[in-house]
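Chains A and B supply the protein sequences, listed in that same order. Reminder that position 80 of the first sequence reads as 149 in our numbering, one-by-one numbering, no gaps. Reminder that position 165 of the second sequence reads as 167 in our numbering, one-by-one numbering, no gaps.
To be clear, the hints were calculated from the coordinates, so they are not data collected in a lab. Any given hint might turn out to be false.
What the hints assert, rightly or not - Among the chain B residues that face chain A by a calculated CB cut under 8 Å, a handful are:
id, residue
1, N58
2, A75
3, N77
Unchecked claim - Straight-line Cα separation of at most 20 Å, DMTMM-like style, residue types lysine to aspartate or glutamate; simulated pairs:
id, chain 1, residue 1, chain 2, residue 2
4, A, K152, B, E185
5, B, K173, A, D388
6, A, K152, B, D145
7, B, K173, A, D226
8, A, K152, B, E28
9, B, K142, B, E183
10, A, K206, A, D226
11, A, K152, B, D117
Every value quoted in this text rests on a predicted model; they were computed, and no experiment measured them. A virtual CB, placed ideally from N, CA and C, is assigned to each residue, including glycine.
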Amino acid sequence: MRMVCKIVLAVVFCCATTFAQNKQLLYDFYEIPQSLMINPGVKTSHKWHVGVPVISGISVQGASSGVTVNDLFANDGVDFTTKVQERLLDVMGNRDDFGSTSQIEGFTIGFRGKNRPDDYYSFGMYGEMDVISYWPKDLAILAFEGNGGNNIGRSFDLGDLNVRGEMVNVFHFGINRKVNPDLTMGIRGKLYSSIFQFQSIKNSGSFVTTQGTNNIFESAINADMQLQTAGVKGFYDIVDEDSGTTRKDVERLFSKRVLLGGNLGLGLDFGFSHQLNQQTTITGSILDLGFIYNAKDVWNYTFSGSTVTDGISVILPDDINNLDNDLWQDLIDEIDEALPHGENQEAYISWRPLKLYGSIRYDFGEGGNPLSDNCGCAVNPGGGINRDYYRNSLGGQLFMIKRPKGIQPALTGFYQRKLGRAITLKATYTMDKYSYTNVGLGTSLQMGPVNFYVLADNLLSYSNIADSHYASLQFGFNIISWNDN
Amino acid sequence: MKKLRYLLALVTLFAFQFTLVSCTEEQNFDQIEDLSLTPTLSTGIFYLESDEASINQAGPFNSFYFQEVNFDAFNEEYVSERLLEGTILYELENTTSKQLRVTIDFLSEDGQVLDTEVFNVPANTTDIITRDVYYGPGGKSLDILINTSGLRISGNNLSDSTSVSSNENPKVILRSGAEFEFELL
Numbered sequence: 070m071r072m073v074c075k076i077v078l079a080v081v082f083c084c085a086t087t088f089a090q091n092k093q094l095l096y097d098f099y100e101i102p103q104s105l106m107i108n109p110g111v112k113t114s115h116k117w118h119v120g121v122p123v124i125s126g127i128s129v130q131g132a133s134s135g136v137t138v139n140d141l142f143a144n145d146g147v148d149f150t151t152k153v154q155e156r157l158l159d160v161m162g163n164r165d166d167f168g169s170t171s172q173i174e175g176f177t178i179g180f181r182g183k184n185r186p187d188d189y190y191s192f193g194m195y196g197e198m199d200v201i202s203y204w205p206k207d208l209a210i211l212a213f214e215g216n217g218g219n220n221i222g223r224s225f226d227l228g229d230l231n232v233r234g235e236m237v238n239v240f241h242f243g244i245n246r247k248v249n250p251d252l253t254m255g256i257r258g259k260l261y262s263s264i265f266q267f268q269s270i271k272n273s274g275s276f277v278t279t280q281g282t283n284n285i286f287e288s289a290i291n292a293d294m295q296l297q298t299a300g301v302k303g304f305y306d307i308v309d310e311d312s313g314t315t316r317k318d319v320e321r322l323f324s325k326r327v328l329l330g331g332n333l334g335l336g337l338d339f340g341f342s343h344q345l346n347q348q349t350t351i352t353g354s355i356l357d358l359g360f361i362y363n364a365k366d367v368w369n370y371t372f373s374g375s376t377v378t379d380g381i382s383v384i385l386p387d388d389i390n391n392l393d394n395d396l397w398q399d400l401i402d403e404i405d406e407a408l409p410h411g412e413n414q415e416a417y418i419s420w421r422p423l424k425l426y427g428s429i430r431y432d433f434g435e436g437g438n439p440l441s442d443n444c445g446c447a448v449n450p451g452g453g454i455n456r457d458y459y460r461n462s463l464g465g466q467l468f469m470i471k472r473p474k475g476i477q478p479a480l481t482g483f484y485q486r487k488l489g490r491a492i493t494l495k496a497t498y499t500m501d502k503y504s505y506t507n508v509g510l511g512t513s514l515q516m517g518p519v520n521f522y523v524l525a526d527n528l529l530s531y532s533n534i535a536d537s538h539y540a541s542l543q544f545g546f547n548i549i550s551w552n553d554n
Numbered sequence: 003m004k005k006l007r008y009l010l011a012l013v014t015l016f017a018f019q020f021t022l023v024s025c026t027e028e029q030n031f032d033q034i035e036d037l038s039l040t041p042t043l044s045t046g047i048f049y050l051e052s053d054e055a056s057i058n059q060a061g062p063f064n065s066f067y068f069q070e071v072n073f074d075a076f077n078e079e080y081v082s083e084r085l086l087e088g089t090i091l092y093e094l095e096n097t098t099s100k101q102l103r104v105t106i107d108f109l110s111e112d113g114q115v116l117d118t119e120v121f122n123v124p125a126n127t128t129d130i131i132t133r134d135v136y137y138g139p140g141g142k143s144l145d146i147l148i149n150t151s152g153l154r155i156s157g158n159n160l161s162d163s164t165s166v167s168s169n170e171n172p173k174v175i176l177r178s179g180a181e182f183e184f185e186l187l
């Protein structure tokens, strides 16, 4: 039990120190090729680009909407159980979550069509791990306080158990087309190769103990719970077998799953950028509109049923001839029968976390590159309005992600400034459920053909990163060929 | 060359930003060892109900109910190792015309009586008789519960077998429940 609790807390706080999904700094930061990955319809002005394998795009992000690592683990001399009670149980609600996403780009390549210079093609592969766990408030209170004392009459919501996680390798191919001087649209197809997936997101039921109608206490439970897993048991069996080749076996299975040997899925991204006038642009994108069909290595666990019990009950004269002395075991058997728990291998579909971005941007401050010196115009002789002409941009962005308990939004205001053609800086302020003080800063440095970018969120928390509800870091190297080099 | 130096300086600035600037207060993850989970669990244990006719049928000064039941709730290893303290709650109600005695023996696995609770219940009680028996420091020994493997419950009529109460639907009811504190961690 102690080990289980430790593992749960460790997972929770490992999650809390890695990554969440919003990439507000990268969004519409079109100097960085990876911005294509979050808006396939972003303006592209490159001739081609190649991401430096493995380090072209690394992002780690962690979020906790309730407690922070520092709240619990600060070396402050306060009793740990008291901290858990006061800072976790008394504060966090069942909509608070611990979220984590990490992403690493295997490779990425983009090039402009020779015969169709309006089109920019890009393809590549990246790995992604995404875990979200809502705080199981009622179950935690049940474990800490029990059903007795002040909790007599309290209904514990079994639906509070809500967790989803997956590791997936993604192969993708996208087309970005300049439809006209003012409009760029893009689409990206994705093939998901699942490494593992688990979800327990449609649980319902309750457990309540009340003053009984017959006996002193009466407990009632009704449950409809399920944990679906795909790809987990394969790894578990290898580790459990402990054959001496565990590491090799895990690596072999992992490689197989990365290269389309596991469960597969399909997805699409859409996006656009529309220049309303010389200085105003709106953009939008929908990402990961897709699913994975989990049919291999599936292992699901179910727990459902309902029952009411007030203990052993003998009513005379009805039970006068009942000489059974195993009444306690009979009661246990009855409860077991009323609450069947089982396993099955039924295939299931898991939906990818759907994401939506939108933005409006106002460019100002003449002094950038002249209108005729449009990186994009060289391949699009039709020309257009040169966004590079303006040094500054100001705007707002909206991000929404579909999570198991609903849509999770984030609102961002940003300021972007170009320092010559080599350096672009972007500063953001973001409000979401994790933080109202999230100030981020990013830069893209162009040194000849070499592009380096680094984007970091929630800088105000860096004085004590353990006390942060949200942390994010993205960076990468690319080789970019502009149209004039 | 000047531009290159400028760029390098910026890169260095960012490197510092994420290494030196970011810091954290001292954390002690070993505190998790100090986590203590001691929930209080409540449950009904035993409910006995008998109408007056059944008591009369058993005869005067006789036992109208006698049963030994296996009861391993407390001596399950997982429970017995974690039981800190607890209270067994009893409630008795008697609207029959009989004076009754209800006895509960806590039996060990080999049938030894570990403890006994005796309730002498007057006839026609208007109030519910309650008794809370505490097990743990300052109370009865927890070993009684931990070693209990069965309960012997008997109901004895201390009166005649002919009288009938004027109360509506006269009966005797024994209720029992438990509130126990466990140390899960």
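Quiz prompt | Ascending list of hint numbers which this structure does not respect | solution = 1, 3, 6, 7 and 11
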